[in-house]
Amino acid sequence: MYDMVFISYTEPNAEYNWLKLKERFPLVKRVHGVKGIHQAHIEAAKQCLTKMFWVIDGDAEILNTFEFNFRTRQYDTVYVWRSKNPINDLEYGNGGVKLLPKYLTLKMRVDTTDMTTSISDKFVPVKEVSNITAFNSDPFNTWKSAFRECCKLASKTIDRQKVDETESRLSTWVSKGSDRPYGEYAIKGAKDGIDFVKSNMYDTTLLKKINDFDFLKELFKKYE
Amino acid sequence: MSKKIKLMDCDLVYLSYDEPNKERNYSDLKKKFPWAKRVDGVHGSDSAHKACAKLAETERVTIIDGDNIVKPDLMSQVIELIDAADTSICVLSFPAQNVINGLIYGNGSIKNWPTQLVLDMRTHENADPNNHKTQVDFCWEIKYLQMGNWMSWVHNNASPHQAWRAGFREGVKMCLLEGTRPSLDKPFDKQVHWKNYHRLVTWMNVGSDVDNGLWAIYGARLGCYMTMLTDWDHNNVRTFTYLNDLFDDIKPNSETSLKSEIQRLGNTLRDDLQILTGSNYLDPDQSKFFKALFTNPPRLKNDWIIENV
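If you're matching them up, the sequences are chains Y and F in order.
Start counting the first sequence at 278; every next residue gets the next number (the numbering used here).
Start counting the second sequence at 519; every next residue gets the next number (the numbering used here).
The hints are simulated quantities; they were obtained by calculation from the structure and are not laboratory data.
You can trust all of the hints, since none of them are fake.
A partial selection of chain F residues facing chain Y, derived with a Cβ cut-off under 7 Å:
no.: 1; residue: T748
no.: 2; residue: D749
no.: 3; residue: W750
no.: 4; residue: I768
no.: 5; residue: P770
no.: 6; residue: S775
no.: 7; residue: E779
no.: 8; residue: T786
Glycine included, C-beta positions come from ideal geometry on N, C-alpha and C.
Isolated chain F (complex conformation):
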C-alpha cells in the first residue's frame, strides 16, 4: 500500500516580495501554469507563507518564490510515499539550481506544504523566542522530504542588492547548527555538515561570471563573518527590512571597493576560521569551469519516499 501526492492536485501560489525580477518571473509562471495564484509584498516569511496557505483551497499548497523560473514539467510530479507516511506534517522540498554558483539544493526552491501545517506553524517573525530552531528558517523544526528532481532555477542576481542579500542569508544560515552558532573553540569545518560547508565555500568563491555574482560572493563572506566572528545577532537575518538597511549602509560604491572587501573578508575567514577561502575567488572562466564540472551531492534519502516521478 502507498499514498501519492500529485502536484497537479495542489494549489500553486507564487510568493513575491521585492525581487526586481518578480514580474518577469510571474509572467513566465503564468504562461506555464495560468491557474497560479499570487501573494505579493507580505512582510515576514512566516506571515507570507500563511498568506499563501489562506489563498489555497486544497489540502496541500505548492509555493514558488519570486526569484524562481520553474521547469514546465513541475506539475507532472507525483510523489509516492509509504502508507505510514504522515502527509500532514511533511514538506516536499524540490531542489533548485542557483544561477550564480550552480548549486542545486533547497535554497529558495519550490516547496509543497500541508496547508494546515503552514497555518499552524510559528517561525521567523512569529517564532517562540525560546525556540532557536525556528528563528531564521523552516527546515530545522519541520519535517522536510528532499526530492531528487530539481524543478526550478533561482535567479537571485537581478540587482546588486538581490544578489548580496541572497549570498548574505546563505552565508549566515550555512554556518548555523539548527539555528545556533557553532563554537569557536572547535574547527568550523568539523562542526557544520559537510554539505553545508561545501555550499558555503561555493557561495563565497563562485559566480563572478554572471551579473552581480560578486555581490553574492561579498554577501556570503560578510554573512559568515558577522555570524562567526562578531557579536552580531544572527536572528536579524530573517528581517528583510533590516537587511535592506544594512545593505544601504555598507554597500561598496565601486567595483574596486567591492573586490577589496571580498578579499579582506576572505583573508579574515581563512585566518580565523580556516575556511577554504582567501584573497581570491574564482575568476569568470574558473567559475564557468567549476559549474560545468561540479556534481551536486545526492539529496538525503527518506524512508517515507518510494518514488518521485
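Okay, chain Y solo, but in the shape it has when bound:
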C-alpha cells in the first residue's frame, strides 16, 4: 500500500475528481496549483512517506475497478497504467495513473520534455486501464492536453517509442472525436502540436516549453 497523491492545477473538473477519489481513498493527499509538471511531482514526492507513490492527475476519473493495490520491490522503476481517452478512445499511458519511486522523483532533472522518463530509465507500461483521462473539460484544457501529447509523440522524445504505434496514435489524435465534447479542440491541439514539433524540431529549448502552461495559454489565444 503506497501513498497516493492527486495533482491538480487548473483542471475545471479537478474538484469533482478529487472528492470522488477522497471518498474511496481517504488517505489520498493532494498537491494543487504548483507550477510546472516536474515541480508538482517533486512536491508530491516530498509529501509521501512510502518508497513508491501513486500519482493521479487532476483530470483523471478513476475506474471503480481500479484498486491501487499493485505492489513491487523495484524501487527504481516507473510504472504507468493505461487511461481511456474520452475523445478518440485510445487506450495507452497518456494521462494514466503512475506509480513513481519517491527518491528518484525527488532527484529528477526538471529540464526535460517528458517527466516520467527523466525519473528513471526503468519504465514499465501496465496494460490495465486505471482511468478515463477526462481532459475535455473546456476548450483550452482539451486543446492543451492534445497539443502536449502530440508534441511528445511527434518529437519522439519518449524513450522506447515504437514508430508504428506512435504514427497510429498520432493519426487517431488528428482524425477521431469531433463528435465528442470539445472534440474539435482536441483535433486542433493535436495538429498544432505536430506542426509545433515540425517547426521547432531542432530547438530543444522551445520544445521544453510544452510544460509551461502560460506559454501554451498564449498559443491558444488564436482560438479565443
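Assemble the complex: chain Y is given as a structure, and chain F must be docked to it using the hints.
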C-alpha cells in the same frame, strides 16, 4: 516489615482534555468521590500530569484519565510492599477494561504516582530529544508496578474521533520496543512482546459491536501501518493537536469508505508484516463472543509487591 500505600491517603485528580464524555465521567466520579480535584485542557501529557501533581497536597497522587468510569471500591485499595521498596520512584498501575475490545491492561488506566516524581520527570513534549524511551510514553523509563485488580472502565468510544485516536495511539505504541520501531528484517511478531502483539491484533479486529468501534479498529490498523511501513515519525503520536489534524484530513466520510479502508490496511499489514489480520475484522456477534470468552493474561509480578487488597 512492610510498607503500605493506601489510595485513601492520596489526593485524587481527574485529568481531562477534549474527551466528549468528560463531563459525564467527571460527574460520575464526583458522585463516588466528592473530594476529587480536576485538571482540564492542559496540552501535552507531561505538562498535564505536572498540573495534577501541583494540585496534589499529598506525597502520592492518583490520576484518573477523562475517559474513565471508576469502580466504587477504588479508594479502598491498599497495596502492601516490601520494606526495601522505594516508593518514591514507583508508579502503581491499576489496569482498566476497555469497553471497545474488552482488553484489560494499563492503557488509559488509573495510576498512582509519587508526586515529586511527576514534577521531576521529563517525558513526551518535555522529553530529552536523545532519550527515545520517554518520547511517547511514561512506561519505558519509569518503574511501573502492575496491580492485579482492575479499577475502571475506559470509555473511549463516545465519538468517531475519540475512538479513532485511542486506536491509533495504541496501534503505534503496541508496535514499539521501548520507544523505537522494530526492524523490518525480522518477523514482527517475534520482536514485540507477545502480550503487546496480542493486544495490537485485538485492537485491530475486535469492537464492531459497540458505538464507533470500527473507528478504533481503523485507527489501530492505521497507526501500525504508519509506524511500521512508512517513514512517518512515530513521535508525533504524543501530540494531540497533530492527531486531531490528521483525523480531520484522513477520516473516511461514509461507513462504506471506513470499512474499505479497514480492509485495505488489513491486507497490507497481513501481507507486509504477517500480522494476524486481513480484509475482515470480527463482526458484532463475533466481537461479543470474543469479549465473553477471552481471558486477559495475568499482569507482571513484581518482587516489591506483597499484596494488593
